[in-house]
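So the protein sequences, as listed, match chains B and W. Reminder that position 23 of the first sequence reads as 62 in the working numbering, one-by-one numbering, no gaps. Reminder that position 11 of the second sequence reads as 13 in the working numbering, one-by-one numbering, no gaps.
It should be emphasised that the hints constitute simulated quantities derived from the structure, not laboratory data. All C-beta atoms, glycine included, are put in the ideal place defined by N, C-alpha and C. Check before you lean on any hint, since a few could be wrong.
To be verified - Keeping only pairs whose Cα atoms sit at most 30 Å apart, straight-line, the calculated BS3-like set for lysine-lysine is: (1) W:K70 / B:K148; (2) B:K84 / B:K148; (3) W:K80 / B:K41; (4) B:K118 / B:K84; (5) W:K26 / W:K80; (6) B:K41 / B:K81; (7) B:K84 / W:K70; (8) W:K26 / B:K81; (9) B:K118 / B:K148; (10) B:K148 / W:K80; (11) W:K26 / B:K148; (12) B:K148 / B:K81.
Said to hold, decoys possible - One side of the interface only, derived from the structure: several residues of chain B facing chain W at Cβ under 7 Å: (13) E44; (14) P47; (15) L86; (16) W139.
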Amino acid sequence: RKEVEQDPGPFNVPEGATVAFNCTYSNSASQSFFWYRQDCRKEPKLLMSVYSSGNEDGRFTAQLNRASQYISLLIRDSKLSDSATYLCVVTWGGNYQLIWGAGTKLIIKP
Amino acid sequence: DAGVIQSPRHEVTEMGQEVTLRCKPISGHDYLFWYRQTMMRGLELLIYFNNNVPIDDSGMPEDRFSAKMPNASFSTLKIQPSEPRDSAVYFCASSLGAGTSFEQYFGPGTRLTVT
């Protein structure tokens with residue numbers, strides 16, 4: 040089992056719809072969680088951190104489920120510009136270990 | 003600030019040649035990371051530095067790969083000799099710290115093709 044797993048997709052979603060995807064992790068000692076966004080042939084950029092109580096940033100909501108060891112990202116009222124690959128990253132340890140998921144590709148269709 | 007700067011943006015070389023990738027992190031950032039990204043393996047952390055000191059190089063694939071950070075504003079990743087399986091996009095990233103508040107800022111990447 041991979042340490043961090045994501046459904047590669049692609050998720051094909053009509054504009055305006057709500058879409059959600061998860062990222063599961065195997066290390067129960069994981070401490071910090073993030074969602075990054077990567078556009079085609081570009082570098083990853085931080086979308087949002089994931090806090091224990093869940094957090095929201097505009098149309099985006101991130102949640103953490105420690106019991107089941109996964110994080111989720113929900114996008115409401117999706118826009119064409121949301122089309123990208125969404126990467127999760129999980130960190131742990133005093134020596135700063137981090138593992139990236141392989142990413143979920145999202146395609147928003149008009 | 004101009005962000006993380008990487009050079010070259012594209013590199014095409016023949017198998018067996020030495021390749022040197024360069025990175026200038028954001029001024030004031032304490033951490034510098036080198037990544038490799040391929041379709042098959044995704045984004046892999048190769049090595050990272052804290053205050054110019056290599057902390058974890060467990061992701062470096064083999065002895066053909068080496069990385070240095072001689073000062074706070076410059077790092078190199080060297081592959082010698084290069085092989086076709088090294089073809090990938092290599093990203094450099096820097097961050098102000100680590101832990102719950104970190105954000106990694108990525109450079110535009112170097113697209114390496116080894117023929």
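**Prompt:** Is the shortest C-beta separation between P47 of chain B and chain W less than 7 Å?
**Reply:** violated (9 Å)
**Message:** Would the hint linking K148 of chain B and K80 of chain W be met if the CA-CA limit is 30 Å?
**Reply:** Between K148 of chain B and K80 of chain W the Cα gap is close to 42 Å, so the pair fails against 30 Å, i.e. violated.
**Message:** Using the nearest Cβ pair, does E44 of chain B come within less than 7 Å of chain W?
**Reply:** Result: violated, 11 Å to nearest chain W Cβ.
**Request:** Tell me if W139 of chain B is really an interface residue toward chain W, meaning its C-beta lies closer than 7 Å to one of theirs.
**Result:** This interface hint holds because 4 Å falls under the 7 Å limit.
**Asked** Would the pair K26 of chain W and K148 of chain B pass a check requiring their Cα atoms to be no farther apart than 30 Å?
**Response** Judged against 30 Å, a Cα distance of about 38 Å means the pair is violated.
**Request:** Mind checking the alpha carbons of K70 of chain W and K148 of chain B for me, to see if they're no more than 30 Å apart?
**Result:** Not OK: K70 of chain W and K148 of chain B at ~44 Å, beyond 30 Å, violated.
**K118 of chain B paired with K148 of chain B [C-alpha distance capped at 30 Å]** = Holds: K118 of chain B and K148 of chain B sit about 9 Å apart, inside 30 Å.
**Asked** Are the Cα positions of K80 of chain W and K41 of chain B separated by 30 Å at most?
**Response** holds (28 Å)
**Message:** For a C-alpha distance cap of 30 Å, please report whether K148 of chain B and K81 of chain B respect it.
**Reply:** Distance of about 21 Å is within 30 Å: holds.
**Request:** With a cut-off of 30 Å on the C-alpha distance, tell me whether K84 of chain B and K70 of chain W pass.
**Result:** holds (25 Å)
**Message:** Given the hinted pair K26 of chain W and K80 of chain W, is their Cα-Cα distance within 30 Å?
**Reply:** holds (15 Å)
**Asked** When you check the alpha-carbon spacing of K26 of chain W and K81 of chain B, does it fall within 30 Å?
**Response** Cα-Cα ~18 Å, so holds.
Hints 1, 10, 11, 13, 14, 15 from the list above are not met by this structure, while the remaining hints are.
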